[in-house]
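Chemist: First to last, the sequence lines map onto chains A and B.
Taking my numbering, the leading residue of the first sequence gets 1, the next gets one more, and so forth.
Taking my numbering, the leading residue of the second sequence gets 1, the next gets one more, and so forth.
Just so you know, the hints here were simulated from the structure itself, not pulled from any lab data.
Hints may contain errors.
What follows is a list of derived Cβ distance ranges for each label pair [what the hints assert, rightly or not]: (1) B/D296 to A/F124: 54 to 60 Å; (2) A/Q103 to B/R282: 26 to 32 Å; (3) B/G38 to A/P159: 23 to 29 Å; (4) A/G283 to B/N157: 25 to 31 Å.
Not close to chain A: a few residues of chain B, all C-beta gaps over 12 Å, as computed [unchecked claim]: (5) S47; (6) R71; (7) P119; (8) A138; (9) G171; (10) S229; (11) P297; (12) F335.
We treat Cβ as the ideally placed atom computed from N, Cα and C, and that holds for glycine.
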Amino acid sequence: MPTPTSPPTPASPTPPGEHLLEVRDLHIEFRTGEGVAKVINGVSYHLDPGETLAVLGESGSGKSVTAQAIMGILDTPPAHIRSGQICYQGRDLLELPEEQRRQVRGKEIAMIFQDALSALNPVFPVGWQIGETLRQRLGMSRADARRRAVQLMELVQIPGAASRLDDYPHQFSGGMRQRVMIAMALAMEPKVLIADEPTTALDVTVQAQIMDLLADLRRDLNMALILITHDLGVVADVADRIAVMYAGRIVEHADVRSLYRAPAHPYTKGLLESIPRLDQRGGKLSTIRGLPPNLMRIPSGCPFHPRCPYVQQVCVDVVPHDLVLGDGRTSACHFAQEVHDDRAG
Amino acid sequence: MTAPADPTKIRGETILDVDNVVKHFPITQGVLFKRKIGAVKAVDGVSFDLRRGETLGIVGESGCGKSTLARLLMRLERPTAGRATLAGRDLFAASGGELRRIRRNMQMVMQDPYTSLNPRMTVGDIIGEPFEIHPEAAPKGSRQQRVQELLDVVGLNPEHINRYPHQFSGGQRQRIGIARALALRPEVIVCDEPVSALDVSIQAQVINLLEELQDEFGLSYIFIAHDLSVVRHISDRIAVMYLGRIVEIGTEEQIYERATHPYTQALLSAAPLPDPEARDRRDIIRLTGDVPSPADPPSGCHFRTRCWKAQEICALEDPRAVPRAADPHPSACHFAALRE
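Throw the hints in and build the complete structure from the sequences for me.
Modeler: In structure tokens, the structure reads:
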């Protein structure tokens, strides 16, 4: 399992010491009529070939905005990238002109969205939509694009792919639509796939099918996967590493097993304790008191301090830095070691 | 109303009795001369009962008919067939004053706290609106005080009575929805996915609130959800629905530890567990394909097209939800057995 500090990345075009994709100290704000919302406040994470990074957070934590910044599909304005870098294979994407950015988008880094029905065009057959990328980007002929679309639909295990090529999105079930989306994202054989809540709109049995498919594809095509989700269960099933976001920051970053065994940030700990478990019937659920902060008025010091059971005066005054814990994990909490030992001990 | 002998019945008198309820939505063709060319069998013969102070969880995937069932019980839809009684009163035959009295006794909490509150009404008006329809529930002068009490009960600041829904977060809005449902002091509350639109850290607060209110007011809940962990946490008994039918019903322990219907077993095995250590140990039953269309359900057992146990008899004979040899709770499968 790769640790955040020493990435084993053989057989990759990345120079040593560099990651396939690296977000460095990203700051993004939304300038709206009502004020400035600080949506991303110094986010850093990285990704190596073939690995699965889960970005976990609740609504408004900034998990999707970071992904949109990587893809270059943020609406600017209102969004404004204040500072930071997004390095892909050593190049800073934010510095690239739009023309070169397009060469990366879709071809190197592709994205799938939560709601497949609204992400697909209702008036064109799915085969045409999968082939559109191939015709536009690779200059394939219509016949070749059709043939390749069938292969892609077979790759994502759509039964009877050839016969369903001319069907429209509404003729597919939710799970099949998400497969069509994945087929479109894979058309250019990207090295990084960003999946933004890919199974949130799906039923449990279908969700399991789609997560299996993503895991298989990642392994077979040696893709790196960024899985954006709010679901602690989905993360536990597929991720290698996990970055937990709160109020536009990564509050904890660890490999998935050690994080679930002993969370080192009070927010992660609170989340894990507040979910009901399928394998046990508990009494009263423990809760995280209060509400997530308004991003226009983020609390001083640690943004989590008004809700935190470990809060001390230092938390109100000083913004905590990433504290590196023994096993290569980080936690942005003044009392990370105490929180960590609380669970383990 | 006496309940028939059944080993799953443990305690309490029945408050809501639902017997073989059916709802078929017609599919029509033509504009001027509409012809009925088929029917979507949303709810296809559902029976259960709910006892005082109990929570009955209803789980199932989208399209299984769980929300239609809720709407039928609230008399928002007319059933095609079947009977239901609430505290001895016939639910589906009632009209006029009788219906109003029944509705006072059964309220609903909706899924989406954003669209189920009128943005142009203050919180006080929203929670007080039931008193306009049922003036006997609170005399005019005491209404403001009653609304403030309700706000306090659901954990909101009573001084916020004049605020509008947009000034509240999702979790707080769901509390407003719960306060509105409590206004008429009902005995039964139907909760249709009450926490699925909420964030994880807020979800637990609302679940705890629902449980506290149940203890305080002796409420009975019908708790509809697709999240199996949430349903297990809150429910005393659970009914599993598939394509308009209840395939298995039993106590929380019977369904989660000793399920005998293949669909329940598959559903439970596919639910993601927040435990990476369990990743390798888990034995997920992978169902193939999708849920068939409720307009054209398979003959016999509705689940047979995706079932690994399916035999000839499953296509010919509709399995009844009766107690089976494997475990004494009703399971609608010819080959009901505990999972090995």
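Chemist: Give a verdict on every hint.
Modeler: Hint check:
no.: 1; hint: B/D296 to A/F124: 54 to 60 Å; in the structure: 27 Å, violated
no.: 2; hint: A/Q103 to B/R282: 26 to 32 Å; in the structure: 41 Å, violated
no.: 3; hint: B/G38 to A/P159: 23 to 29 Å; in the structure: 24 Å, holds
no.: 4; hint: A/G283 to B/N157: 25 to 31 Å; in the structure: 27 Å, holds
no.: 5; hint: S47; in the structure: 24 Å, holds
no.: 6; hint: R71; in the structure: 20 Å, holds
no.: 7; hint: P119; in the structure: 17 Å, holds
no.: 8; hint: A138; in the structure: 30 Å, holds
no.: 9; hint: G171; in the structure: 7 Å, violated
no.: 10; hint: S229; in the structure: 4 Å, violated
no.: 11; hint: P297; in the structure: 15 Å, holds
no.: 12; hint: F335; in the structure: 19 Å, holds
Checked against the numbered hints above, the structure violates hints 1, 2, 9, 10; every other hint is satisfied.
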